[in-house]
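Enquirer: In order, the protein sequence lines correspond to chains A and B.
Note that this note's numbering gives residue 216 to position 216 of the first sequence, counting from 1, and the numbers run on in steps of one.
Note that this note's numbering gives residue 182 to position 182 of the second sequence, counting from 1, and the numbers run on in steps of one.
FYI, nobody ran anything at the bench for these hints, they're computed from the structure.
All residues carry an ideal CB built from backbone N, CA and C; glycine is no exception.
It cannot be assumed that every hint is accurate.
Claimed, not checked - Just so you have them, the derived chain B footprint on chain A, three or more residues with Cβ under 8 Å:
| # | segment |
| --- | --- |
| 1 | 35 to 44 |
| 2 | 98 to 111 |
| 3 | 178 to 184 |
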Amino acid sequence: MDNVENKVTRNKRFDTLFAIIGLLSTLMGMITLTVLILDLATAGASRLSLNFFTSFPSRFPTQAGILSAWVGTCLIMVVTAFTAVPMGVAAGVYLEEYAPKNWLTALIEVNIANLAGVPSIVYGLMALGLFVYQLKLGQSILSAGLTLALLILPIVIVATRESIRAVPSSMREAAYALGATKWQTTRDHVLPYSMGGILTGVIIALSRAIGESAPLITIGALTFIAFLPDPPIKAEFPFISFDWLFSPFSAMPIQMFNWVSRPQQEFHLNAAAAGLVLMIMTLAMNGIAIYFRYRFRKRIKW
Amino acid sequence: METNHAGTGYLTTQGRVQSLATNKTIQKIRERIIEFAMFLCALSSIAVTLGIVGILLFESWNFFKHVSLFDFLTDTQWTVLFENPRYGIMPLVTGTVVTSAVALFVALPLGTTIAIYLSEYANNRVREILKPILELLSAVPTVVFGYFALLFVTPLLQSILPDLPGFNMLSAGIVIGIMIIPYVSSLSEDAMKAVPVHIREGSYAMGATRFQTAVRVLFPSAFSGIASAYVLGFSRAVGETMVVAIAAGQQPNLTLNPMEGAATITAYIVQVSLGDLPHGSIAYESIFAAGLTLMCMTLLFNIGGYLLRKRFREIY
Chain A
1 MDNVENKVTR NKRFDTLFAI IGLLSTLMGM ITLTVLILDL ATAGASRLSL NFFTSFPSRF
61 PTQAGILSAW VGTCLIMVVT AFTAVPMGVA AGVYLEEYAP KNWLTALIEV NIANLAGVPS
121 IVYGLMALGL FVYQLKLGQS ILSAGLTLAL LILPIVIVAT RESIRAVPSS MREAAYALGA
181 TKWQTTRDHV LPYSMGGILT GVIIALSRAI GESAPLITIG ALTFIAFLPD PPIKAEFPFI
241 SFDWLFSPFS AMPIQMFNWV SRPQQEFHLN AAAAGLVLMI MTLAMNGIAI YFRYRFRKRI
301 KW
Chain B
1 METNHAGTGY LTTQGRVQSL ATNKTIQKIR ERIIEFAMFL CALSSIAVTL GIVGILLFES
61 WNFFKHVSLF DFLTDTQWTV LFENPRYGIM PLVTGTVVTS AVALFVALPL GTTIAIYLSE
121 YANNRVREIL KPILELLSAV PTVVFGYFAL LFVTPLLQSI LPDLPGFNML SAGIVIGIMI
181 IPYVSSLSED AMKAVPVHIR EGSYAMGATR FQTAVRVLFP SAFSGIASAY VLGFSRAVGE
241 TMVVAIAAGQ QPNLTLNPME GAATITAYIV QVSLGDLPHG SIAYESIFAA GLTLMCMTLL
301 FNIGGYLLRK RFREIY
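Next up, chain A with everything else stripped away, as it sits in the complex:
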């Protein structure tokens, strides 16, 4: 009898112990994140100044800045967003609302699930062969934006489908009952209700794209670039120019990679500062996404 009680006590104690181990493991992630940010901040804070944002890269670490890098990142994101969002949302709507149950739909679904597991550098190789050389788009902002768009397409599609699935079918039936067509129902009812979820997914997808460096290096991002792309808005007619699409580019993660892989310690400080800016950008985007998710979930009650 005593033996059994001992065993029970031991088991219970081990159970509590595991609860503590589990909590500690979960906190590990948080601790790593904190250490990472503190490490970047202590090293990089001294470099962060207005000059850092308005200077081109330079041989002298104290004068080097991230102007071409952040401009490049912003322009690439414009191309990525304008490609991935319409395509991803349309594909998601099609698969959820329109697609017939047949082998082709099943194939598309399996394929999207598999694409999410393809290493990002492989997308870079594909873009190098296809966009840069076969389609002759060159090592340009356009190629870079398209590459990242393809990379985040599965994320946008999955997010769209999930939030469309959350719209109850009574909404659709009500619209059909009033004589609305399928597209009218989708456009006027299903899409507005699922907008919150789609937006969240899009922001998270773009925050992934901002941090991607491997595919950009593969298609030929420059690590040292001392000029800006052609401005999109001109003073003279026709006021809008798309020359910037074909301009060579650098990007934030590329700039950071360049600095961190130099032997001089001084450049590592620049890398830390660039990393800090990059972290703030991605964390802010994720924060906005979490906030959106929270707000939309609260507002809509079915």
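Position chain B relative to chain A; hints supplied.
Expert: Okay, now just chain B, sitting in the frame of chain A:
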């Protein structure tokens, strides 16, 4: 569309019916066009896959015109950029395998523990707070993790292991492991949550503790889902580029010792891409052969995972 004719009182009834009918036809055509456009968008994902496979095979084909497949698989040296180039993929493969093994050694136990904790121990409030923070780990740009591995983890490890070189696979592997924890833990947690409650209750009724229930009942029941989490973790580790390119060194090195530096497949692709190689040279084609090898590795592992899942699938 219907509003176009509203208020046109002088239209006869017949005219109205006719214009409504034309509107209907136009509308039908419009619906068809929109549906087709959206179908094309959905189909584009297949085009992407075909593009990836096509380009990799096409450029690798050119590569294998110059290099025999036998040499590629058996030679122990990878010196493409040297004067007497040798094309043996083995050193790159071992580099990739070693860093991934270290990463999985970190991520699988931690990820599984976290999954058990979040699904069986933590209450709702704790879970709601901890999960998003954990998932932020996968949002950190990989180049930042590379910085962290080279300039924080490596010096830290060097204070314990003084012989550790500045570039080593150990610290790169550990950091990749931490990076992929959210992938492993959240999929495993979903799998455990999906196990029906009555199975848990059965176990508790027999007097099992939460830990015993989790390890002896839930883990085996949810194994097919947990296996897919592990496979995804492996795919991420194998394809991870920036951390290894920064922290593991770029010298191909045929070794299984994680304390040494070595280039991985991905690091080699980055190294070649940074230099300005002419389109069509063997070195240019070699990165596609390397990429194809990478794809084959993930594919093999995914098939293995699929077979494993099929073998252990539990249906409720």
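Enquirer: Against this structure, judge whether each hint is valid.
Expert: Each hint tested on the structure:
| no. | hint | verdict |
| --- | --- | --- |
| 1 | 35 to 44 | holds (count 5) |
| 2 | 98 to 111 | holds (count 5) |
| 3 | 178 to 184 | holds (count 3) |
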